[in-house]
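Residue numbers (our numbering), protein chains in the order written: chain A, 1 to 353; chain F, 1001 to 1353; chain D, 2001 to 2353.
Treat the hints loosely; a few may be bogus.
As the list claims (entries may be wrong) - Pairwise CB distance ranges, derived in the manner of DEER restraints:
id	chain 1	residue 1	chain 2	residue 2	range
1	A	GLU180	F	GLY1062	43 to 51 Å
2	A	GLY136	F	THR1286	47 to 55 Å
3	A	ASN275	D	ALA2141	48 to 56 Å
4	F	GLY1240	D	ARG2086	31 to 39 Å
5	A	GLU80	F	ALA1311	46 to 54 Å
6	A	ASN84	D	GLU2100	41 to 49 Å
7	D	GLY2136	A	ASN84	29 to 37 Å
8	A	VAL289	F	LYS1293	36 to 44 Å
9	D	LEU2137	F	ALA1311	21 to 29 Å
10	A	HIS139	D	ASP2243	53 to 61 Å
11	D	GLY2181	A	ARG86	26 to 34 Å
For the record, the hints were derived by calculation from the structure and aren't laboratory data. Even glycine gets a Cβ: it sits at the ideal position worked out from N, Cα and C.
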Amino acid sequence: MFPKNAWYVACTPDEIAVKPLGRRICNEKIVFYRGPEGRVAALEDFCPHRGAPLSLGTVEDGKLVCGYHGLVMGCDGKTESMPNQRVQGFPCIKSFPVEERYGFIWVWPGDPEKADPALIHHLEWAESPDWAYGGGLYHIACDYRLMIDNLMDLTHETYVHASSIGQKEIDEAPVHTRVEGEKVVTSRFMEGVMAPPFWRAALRGNGLADDVPVDRWQICRFSPPSHVLIEVGVAHAGKGGYDADATHKAGSIVVDFITPETDTSIWYFWGMARNFKPGDEELTETIRVGQGKIFSEDLEMLEQQQQNLLAYPERALLKLNIDAGGVQSRRILDRIIAAEREPSALLIKGAAS
Amino acid sequence: MFPKNAWYVACTPDEIAVKPLGRRICNEKIVFYRGPEGRVAALEDFCPHRGAPLSLGTVEDGKLVCGYHGLVMGCDGKTESMPNQRVQGFPCIKSFPVEERYGFIWVWPGDPEKADPALIHHLEWAESPDWAYGGGLYHIACDYRLMIDNLMDLTHETYVHASSIGQKEIDEAPVHTRVEGEKVVTSRFMEGVMAPPFWRAALRGNGLADDVPVDRWQICRFSPPSHVLIEVGVAHAGKGGYDADATHKAGSIVVDFITPETDTSIWYFWGMARNFKPGDEELTETIRVGQGKIFSEDLEMLEQQQQNLLAYPERALLKLNIDAGGVQSRRILDRIIAAEREPSALLIKGAAS
Amino acid sequence: MFPKNAWYVACTPDEIAVKPLGRRICNEKIVFYRGPEGRVAALEDFCPHRGAPLSLGTVEDGKLVCGYHGLVMGCDGKTESMPNQRVQGFPCIKSFPVEERYGFIWVWPGDPEKADPALIHHLEWAESPDWAYGGGLYHIACDYRLMIDNLMDLTHETYVHASSIGQKEIDEAPVHTRVEGEKVVTSRFMEGVMAPPFWRAALRGNGLADDVPVDRWQICRFSPPSHVLIEVGVAHAGKGGYDADATHKAGSIVVDFITPETDTSIWYFWGMARNFKPGDEELTETIRVGQGKIFSEDLEMLEQQQQNLLAYPERALLKLNIDAGGVQSRRILDRIIAAEREPSALLIKGAAS
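Excised from the complex, chain A in its bound form (with noise of 0.2 Å):
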């Protein structure tokens, strides 16, 4: 139940940098590697010769080399060439729409004639100089909606993250959801709190007290398939909260990119944006690390969550106001899937209303 008309992150390119990669994705079993001069490319991970996984072979001079017999597997999915044999009938395997961009390999996983890489997420912070990111990646057991309403739904913040980034106040402040076409906006704001320690030491690391009151926000801005960007942080109370000098505050952007492997697991990039201090390498590492930890803290709720989900397949949940934004979300992920299978009902619906 995810779209696959999308560009989804696929990996990072330190994960093919040295042998091709396999992983699967929205339940597609794809190879990843660096094709004639250092392209990117995407393929089935299945070799047309005898089935072997084409990520245990090799990249010789930007070809694919299947590890067990030798098959050379051109980026189109057509086999150019295997020793001593003709290889024209040779059936051809799927190839994937794949590009690199702001750090990320990203993947179409559908049908590759609707994939136009104008439709890649635009990241502002990743073309500029004056943004670092860092992040990780993490294996979750769940579904990967789960994980779009965690992160669309902050108070979680206050039990999960206790001692980094949760702080009662998150709960207590209201929260507004708005829909803007295809994307979803949940944002919270904080006046005059004290900051929690992740918070504290942000401020610190941007040369500001960390002992006075703050104002604090959290702006969620969900975009399909599956991408939660959040606009976090703090300014000396006082000074304009979000829209403070740059001088009072220290802000990031939550970078989480959700990608499905099957029904219920996915691949879940991480990270955070900063624009202070971008040059800063080993300031970027201490919050990568600190950020890595945090993020672990959910692991465990959400794939049990997900245990609790399949166990009791019956029950309906409950959508609160603080649920509104995952909510929201999968109302634009449900109309996507469906135009996707039926595209013509759509239409047609489309035409009545």
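Dock chains F and D against chain A, hints included.
This is chains F and D only, laid out in the frame that chain A set:
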């Protein structure tokens, strides 16, 4: 295939001392914790908000707080509060009758209306200062009835526990099985035998010579749903055996509470109660460690037996005289289970007979 | 999908030296042990009393004693005795024809009446003092036919075993496959090539120069149900190749007995028989360790290939000339399996053809 209207041992108090405990019992996922005034509570391990396991939460002032978004659950299964939410309309979750008694937490996974604490298995030794108890818990992947069979036929000691409590004379001594209402008693008496290592140690521990012939007894008492208490002991030969004066014997009660987790797995609470040197905690620990080692010898056998029975479901097993204890226990269980499923059918049948 | 009326290698004698061995072969759970006079015996691994695995028992005076309650089983599957029991009416368990020969235990998992020890694969090298043998056992999660394919197409050496026995010339040399009744022979000869590392070491081990061109040969012989014996070797170039005098060459027989455990897993007995320096046990061990390392390189490939085939069951694999050995072997297996299932149909078909 187990009675649900029954009191089962769910856990021991130390397991809920620090945080809630999630445990599946008779296929029900249950969270155990200490509620108001320290009284134990048992609820479905499923938060009505988004299905998170409540066992990952915390207890605050006797209330279970969901570790995901802070829903506060009462011990009756009704949500008490949630930050910034009206909770009156929240669906209830099941609460399970639960009692703390004799050093154990007992749960009733079936119909709460039938749960009478007076039905909890009465354990005299657990209430008397003349007795000491030590025990432990094993998780075993087998049908609970295989463990009942195991304990109601102690000829296995000769083979499984050859180096500790087994001895050839167990096989050779006749066994007597009788049914007393819903209870089954299987007994065996050996006269003038040499005590095996465990019992020689027990004689020494009790200040008695260990190198003289003894009379040995084993009296296994099954009671539903799945308890087997076994009186075991040795007395210097010719002093009256089971009825000998306390100064001539060493005896104890082997305690076995077998709680089904699923149809093919159990929580096995094992222990030993003794009425000599009850204040000697070091002796309690020595016995506990020794018993734990002996009882662990059954695990592989039971789990592989279970695998064999699943692989050959059509095979009829033998029911020998030594198996009578298990066979009679299963008959009682079958009647109880049938009555739970079709109470009226049972009444009619009862009237006709 | 494997012949059951056939002799398979079940284990090696060291595996039953100390206690019984439980092993699943062709989906049958079997216990192997040394019965009367040390003769090997094979029985269903299922005690007729309560279904315990007999492989957890002990052998006493050539009799298998169940480790649960002491039932004494004869090597014909009839219970011989049990403490205090009359056993005449006990149901029998299956006994399997089993033979010890050539340093292996062979079992016949099918119809015992058809089990003729004369049908055991004759291994000349195993009976001659001029030969030495060393080998090992791997458990691999793949269909046994994938391993037959692997061994009947050695072009994979170039890719899977690039650093030891692979070399580019394997791909380039033509391969010849012929069927001889129920046997398949695939052979390849390379002339005037430089030996790869494993064979350079073998030349040195045999007192021959390792830095001169050699003629290399590979003759793979499949015989049902699942044996592949491969004559391999190198001779100094121009000395007659395969037919060169022993003083100019180093050769051996790669031994592969592939025993199905289930439809998708195998017990893979691999080894090497050589007819030079047969008394040099240190050399035997050196070769064994080296071969074990090389052969372990196939495991991941085979297991992932199996996973791919299960994921894409509808895909037809290619059957190239290099695959002819495997393809022909599978045809023979298909005929044998069909004949086992419908012997009369085969006779009629045979009469009509």
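Query raised in the report: Tell me, which hint numbers fail for this structure?
Result: none
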